[in-house]
Amino acid sequence: MIEVAKRLQNVEEYYFSKKLREVRLLKSQGKPIINLGIGSPDMDPPEAVLNALVETFEDDAAHKYQSYQGIPELREAIANFYKTHFDVNLSAQTEVLPLMGSKEGILHISMAFLNPGDEVLIPNPGYPTYKSVTNLVGAVPVFYDLTQESNWCPDFVALEKRGVENVKIMWVNYPHMPTGENGSVKLYEELIRFGKRYNILIVNDNPYSFILNRFPRSILKYKGAKDVCLELNSLSKTFNMAGWRVGMLLGRHDYINAVLRVKSNMDSGMFLGIQKGAIEALKSSDMWFKSLNSVYEKRRKIVWQIADALKCTYNKGASGLFVWAKLPEHIEAEDYIDLILKEKSVFITPGTIFGSNGEGYIRFSLCAPVAELEEALARLK
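Each residue of the sequence shown is one higher than the one before, counting from -12 in our numbering.
In case anyone wonders, no lab produced these hints; they're calculated from the structure.
Treat each hint with caution, since some may be false.
[Claimed, not checked] Restricting the straight-line Cα-Cα distance to at most 16 Å, the calculated cross-link-like pairs of lysine to aspartate or glutamate (EDC-like) are:
id, residue 1, residue 2
1, Lys51, Asp254
2, Lys210, Asp74
3, Lys5, Asp325
4, Lys368, Glu321
5, Lys173, Glu152
6, Lys18, Asp254
Please read these numbers as outputs of a predicted model, since none were measured by experiment.
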């Protein structure tokens, strides 16, 4: 057998890739599995998005290679969206880069800025891809603690005591996944000062801003942010377009250009119909967000009841697509969810996949219809 690359020694298959195989196997055996584990929106995108995709098939250019930077109309739509919803001014020409998914953007950014041995600050708990991509490019993951006691925010004093001289990138993610904690103005201003003080690129991963969140924010709104910050965003959650793979990177033009140098060597542009659909999504009225959140509010109330049935505690003020719940003392998350999957045929995500600070927590997804949530509640009561 040919030996695999050394970079894979510290990288495992993504948890959900493995776990969903197990769930599919159980389903094939006739188990009535209810999946409350993964945050894949189950509702349709706006109708105008689907219409725009279909209409593109009549365009002679639809099946040709597209621009590595996305068509100008898409970049304009992204810039207008950021101005309308975040009060952030962006040049569509130089400060906006459409991506084929924001997850892919994590790799593009890491390849553009990290050398082997550079340190990367990664939240614990946090999105597992930050760690795996850091390992893939040969950089060094350095985990910073987020705890319930600190409202899931970084302890900058502790970071400075530890030493950050070798840190090149700090990943932040507010509204935070998995906890749902929102980023405050104070937090963003502290992050910008921290990045400037130590010459660290702060990357805010921001796909959950419009899900059950009264105050959507972008780190780029605050003074000096473009000097040291980039922001990732996505249409996956906000517009139910996870499978379309439309993300975006926003920030200073020279940072964007560095990422483009990587991206342009890794893909050949996004299908025109997807870009046209993305433009229509970004034009959606406030009624779209209200309608979307009204569905999630109903679902979340049932999930709270499920958490109560399991004697968990949780924060009703959290945002995003999930409910992060603390288990009763002395219950280990992974063993507990495996027991529930086996005995009740309900899949819930253990907090441990997001880092050691996720021990003692579980995460429920809101991406299931009310009928399935009510059935899960009946099984778990």
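Has the given pair, lysine 51 with aspartate 254, been kept, meaning a C-alpha gap of at most 16 Å?
Satisfied, since the Cα-Cα distance of roughly 13 Å is no more than 16 Å.
Next pair to validate is lysine 18 with aspartate 254; report whether the Cα-Cα distance is within 16 Å.
violated, 40 Å
Does glutamate 152 lie within 16 Å of lysine 173 when you go C-alpha to C-alpha?
Answer violated: lysine 173 to glutamate 152 is near 24 Å, above 16 Å.
Hint check: lysine 5 vs aspartate 325, CA-CA at most 16 Å. Holds or violated?
holds, 14 Å
Check the hint pairing lysine 210 with aspartate 74 against an upper bound of 16 Å on the C-alpha distance.
Distance of about 12 Å is within 16 Å: holds.
Straight-line Cα separation of lysine 368 and glutamate 321 no greater than 16 Å?
violated, 20 Å
In summary, the numbered hints that this structure violates are 4, 5 and 6.
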